[in-house]
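Knowing the structure of chain Z, use the given hints to seat chains V, X and U on it.
There are 4 protein chains.
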Amino acid sequence: MGKNIKRIGVLTSGGDAPGMNAALRAVVRACKYYQIESIGIRQGYEGLINNDMIELGPRSVKNIINQGGTILKTARSTEFRTPEGRKKAYEHLQKNNLDALVVIGGDGSFTGANIFHKEYNVPFIGIPGTIDNDIFGTDFTIGYDTALNTVVEAVDKLRDTATSHDRVFFVEVMGRDAGFIALNSGIASGAQDILIPEQRDSVEDLCDSLERSEESGKKSSIVIIAEGEQLGGVYEIAKQVKARHQEYDIRVTVLGHIQRGGSPTCHDRVLASRLGIAAVEGLLEGKTNLMAGIRSNKIVFTPIDEAIIKHNEIDTELIKVANILAI
Amino acid sequence: MGKNIKRIGVLTSGGDAPGMNAALRAVVRACKYYQIESIGIRQGYEGLINNDMIELGPRSVKNIINQGGTILKTARSTEFRTPEGRKKAYEHLQKNNLDALVVIGGDGSFTGANIFHKEYNVPFIGIPGTIDNDIFGTDFTIGYDTALNTVVEAVDKLRDTATSHDRVFFVEVMGRDAGFIALNSGIASGAQDILIPEQRDSVEDLCDSLERSEESGKKSSIVIIAEGEQLGGVYEIAKQVKARHQEYDIRVTVLGHIQRGGSPTCHDRVLASRLGIAAVEGLLEGKTNLMAGIRSNKIVFTPIDEAIIKHNEIDTELIKVANILAI
Amino acid sequence: MGKNIKRIGVLTSGGDAPGMNAALRAVVRACKYYQIESIGIRQGYEGLINNDMIELGPRSVKNIINQGGTILKTARSTEFRTPEGRKKAYEHLQKNNLDALVVIGGDGSFTGANIFHKEYNVPFIGIPGTIDNDIFGTDFTIGYDTALNTVVEAVDKLRDTATSHDRVFFVEVMGRDAGFIALNSGIASGAQDILIPEQRDSVEDLCDSLERSEESGKKSSIVIIAEGEQLGGVYEIAKQVKARHQEYDIRVTVLGHIQRGGSPTCHDRVLASRLGIAAVEGLLEGKTNLMAGIRSNKIVFTPIDEAIIKHNEIDTELIKVANILAI
Amino acid sequence: MGKNIKRIGVLTSGGDAPGMNAALRAVVRACKYYQIESIGIRQGYEGLINNDMIELGPRSVKNIINQGGTILKTARSTEFRTPEGRKKAYEHLQKNNLDALVVIGGDGSFTGANIFHKEYNVPFIGIPGTIDNDIFGTDFTIGYDTALNTVVEAVDKLRDTATSHDRVFFVEVMGRDAGFIALNSGIASGAQDILIPEQRDSVEDLCDSLERSEESGKKSSIVIIAEGEQLGGVYEIAKQVKARHQEYDIRVTVLGHIQRGGSPTCHDRVLASRLGIAAVEGLLEGKTNLMAGIRSNKIVFTPIDEAIIKHNEIDTELIKVANILAI
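Residue numbers (the numbering used here), protein chains in the order written: chain Z, 3 to 329; chain V, 3 to 329; chain X, 3 to 329; chain U, 3 to 329.
So that you can see chain Z by itself, here it is in the shape it has in the complex:
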């Protein structure tokens, strides 16, 4: 089946992530290497629906490996969630002679491709592009390493002020459903406590931790809080801690969208390059409905249903590491 693939469409979908351009570049160059054609679809599935596509060659993707965001643009398409939208998409896919799709995005984007495949039998392979690292079937998603470093660099700056003023900083980082960013950036930035969605925390425990910190001689602290944590949000948590410890000089910072952008790290560029090539090779070997990922530093393909339904779990060793270091 893969033998008949002569022309691949590639799109980026969902929230943008640093390294999407590197993945796109790899898809396009792998197509050239295997002597097939590659077409860029703009704005995610919207570009299929609106027939907004562009022929891509090796030179069209030059000097983008170091750029954040995605030159194809991305969108969350509501129309593609309707049968009518997908019908239009299929018509344009046929019109453009696309034999298969590479979908760079998160689980929402994969779900769309999966439904599309069931209805129209379009082969596709997904590439995990999201900063949250919450997709099953890969040790790392594209953009995650860059986001971690963005957070850590930001908290390094906050620590200057925290230390100079003997303050407690509560820092909200991204991660609606997953604590990977919070846990790893928290360890790396020397956080006193880290609140993540996967763990039941309480303001009491947090206060205990801050009190221990004070007793051990610390004059300032950083607390990292994932946006998906369950205690009511960073401002509410700060308020409750302040109610118990009015002597604390507390500041809240929400890092926000800066975590999604920026030039990708080396790790994200290499990961994206490998997965982009793997996706093309997979399609040419007749694979479909899979996600290309990395496990133990090897390329692996995971059934897309698994990638969507299952979730990576937080490593309990890391939670222990965080606790030991906060001593």
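Among the clues, some could well be false.
For chains that are exact copies, the list does not tell them apart, and a pair is met inside one copy or across any two.
[As the list claims (entries may be wrong)] Here are the computed lysine to aspartate or glutamate pairs in the EDC-like style, where the Cα-Cα straight-line distance is at most 16 Å: (1) Lys244 <-> Glu216; (2) Lys34 <-> Glu283; (3) Lys89 <-> Glu287; (4) Lys64 <-> Asp168; (5) Lys220 <-> Asp168; (6) Lys120 <-> Glu319.
Because the hints were derived from the structure by calculation, they are not lab data.
Frame of chain Z, contents of chains V, X and U only:
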């Protein structure tokens, strides 16, 4: 009078700013160079009141030129605002044989030193250390250039997402009374509009600007808003714009405290080094009640009253530059 | 005369510098603002000679303000130094209806424009784009501030190793004729000694400085050496110091071309934006044979002959600052 | 046996690497957590020989997780290679009541510890701290990820100039025996060719690659060359390529020691933290003569002999990735 100065106390006060350590290092080494002693006072005026001081030599300040924050720590002392507080401060100053003070901070810190001088005749020279650049008597304050670059790097990351998603980002930057950070970082990050405290703006004008932007073919925009702007805050502004343009995909980001930290830029390190030396030399020449600053790249001393009362004005050329570039 | 200007050609010439794109963007947008046309000339004067030009509008220069290098590319044209080359250039200039030129580059580029003007009476204004800061008529050249920060960040990394191993690092930085980069980056990176072309130095003096450093308790040192210094180059200097002090653990690093690239700093972006607009406004006011620059933070125009012949001098205050800090 | 461990000595040895401080911090805090004492040994094995040690507690290692280099300093001790040196070391070890050692360094440092163990039966665990990633028994060494990003950021800057001037840059990166840095940074920086010690290359092949690049429309190229490559060094290679292609505008850059320094990335900080804790836990469980490493994201212990003798091999998939992307 300056001839009798044998021992100088140095403190950092008010909000921390990148480059304060570089200024401190310069003060200490200049003291050594001119064969006098230097004493570091911890936590701003609190350290005078609480007799929290440390003898400093050239090696005590090694490898701090590149560090944000202040190794002396800083604080806003409420006690120093009382006659009793200043009395205690003076007693410890005498006890430690301090002949003069170098005060690294903003106008609040200078006001304190000024009152202290009137009461106890303690010679002092101020060094402008604040990211806001709103102190009269110097073209640049220490920390301002670093803050600008922190903002610009952050907005560069946001632009990746803005462009990838065709979004409008409203970004709040520091500047309660002054628009220097907003105006310069706005120009440097290609902002479509910039709202500053010094200018009367309106949501209508902002919407006009965004509409012009759209008509000219722009799909995404950045709007930089100083925290001291007069329209009710970034969230309120975003709400009002959204009310008129529901089709806009708007996101708000408050950069917050990351703007205060970080390793100082080359410019801030050199500026801080020059002002630190100038302050010591000034005291040795018998100067007092002055602020050391830079004008047209030359060291100048400004009467501290002027430095406190007057304010640098926004350059109207820059406002025009911002308008032309937003075309 | 300026009234007749309807179409301006803009080129970047000589060595590339961060901020050239920001200047280009400002030229193009200022042209639009003043309702005239702008044409980009590729590869410096080569593009005039080879008729390699492109119509530019406000959207052609989007998202380049943060990019190093120059999207127009640059070259050192040998053909433009010949009467025949300039004749071809003039023919293509006429063919493209260009009424004036904006030349972004260094003194070599300005010299070319000057000769071209004498022969063909083509109005032009120069914009100083070079990292070396050695052009008379402006306090800062475009790219200089970025280069300084690149050097300082690199030396901050070297200092980690120098300190960890008790080593002496000799670091060569750019500056064939001028010591601005060396002197300022040297102060900002805490150098023990700084060798620049403008000063007569000797290996004896350098050794004295390193010996004093050792006596004062320093275990590691950084020495910054401008490439144009007069003692025979960084490797030779290292060899001679080693001959006298075999106990020193010396390492040499030549920073090289990384100093020319990178995303421009806020300062360079604002400077480039201001000068780009000023150049267009100058031409429209009938000005020619001038360089737009910044003095005391105001736009000034300097006769191009002066800009070429004269040179900014090293501020002796800075040399003293460097000496005091090395105590 | 591990039960009797009450006091652990920790040292950093060999070339410094970013993340060594994070590892040290983790060792010290893990000791506190498990209620034993930790002693820092300065200058690697030299500190044992010269009895240069310091008691460390949780607060002694505050705010170092983000610092490059090593606060304990490091050295390559020649005296420790002699029986006499090791005898002195053992005497001081006994005098300080050290029950075990944690050695943060490379294979040379592990060899020393191994011999020392054979002679004096001192339990130890090694932690791989070197930017080269060439130590068997771990997927990543501490400092490697930071070095990769330093290289990639530097080459990003060079690419600005390469593209603006249509140049070919030959960039030498670290890696005397191993091509990990070259291969991964080469992929991430979009290199046209990558020369590594593990592969037999030739100037012919390199020229072929550059010619193909030109034919495919590329006007500029980056070639990454590991210092341990077999063709005679970057300058010699550049000379030979120039001899065949005089039309190429070639520049050589040797990145040098900047690759060893800098604030560690998030990845290196987390890795170092995990390995530091693992080493202490290992010793407490009675383990010795092992290296703590990470494989497939799990802590593993490898016999130190294996870690010294065996070497990680370059992944052939990555070589293929590099080739495909250079199309």
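TODO: State whether the alpha carbon distance between Lys89 and Glu287 is at most 16 Å within one copy, between copies, both, or neither.
DONE: Neither way: Lys89 and Glu287 sit 27 Å apart in one copy and 59 Å across, limit 16 Å.
Task: Alpha-carbon proximity between Lys220 and Asp168, which holds within one copy, between copies, both or neither at 16 Å - done: within (9 Å within a copy, 31 Å between copies)
Task: Intra- versus inter-subunit Cα pairing at 16 Å for Lys120 with Glu319 - done: neither (40 Å within a copy, 32 Å between copies)
Task: Intra- versus inter-subunit Cα pairing at 16 Å for Lys244 with Glu216 - done: within (15 Å within a copy, 45 Å between copies)
Open item on the list: Please sort Lys64 with Asp168 into within, between, both or neither, judging by C-alpha distance up to 16 Å.
Closed with: between (48 Å within a copy, 14 Å between copies)
TODO: Tell me, please, which holds for Lys34 and Glu283 at an alpha-carbon limit of 16 Å: within, between, both or neither?
DONE: within (12 Å within a copy, 48 Å between copies)
Figure legend: structure checked against the earlier numbered hints; hints not met, in rising order: 3, 6.
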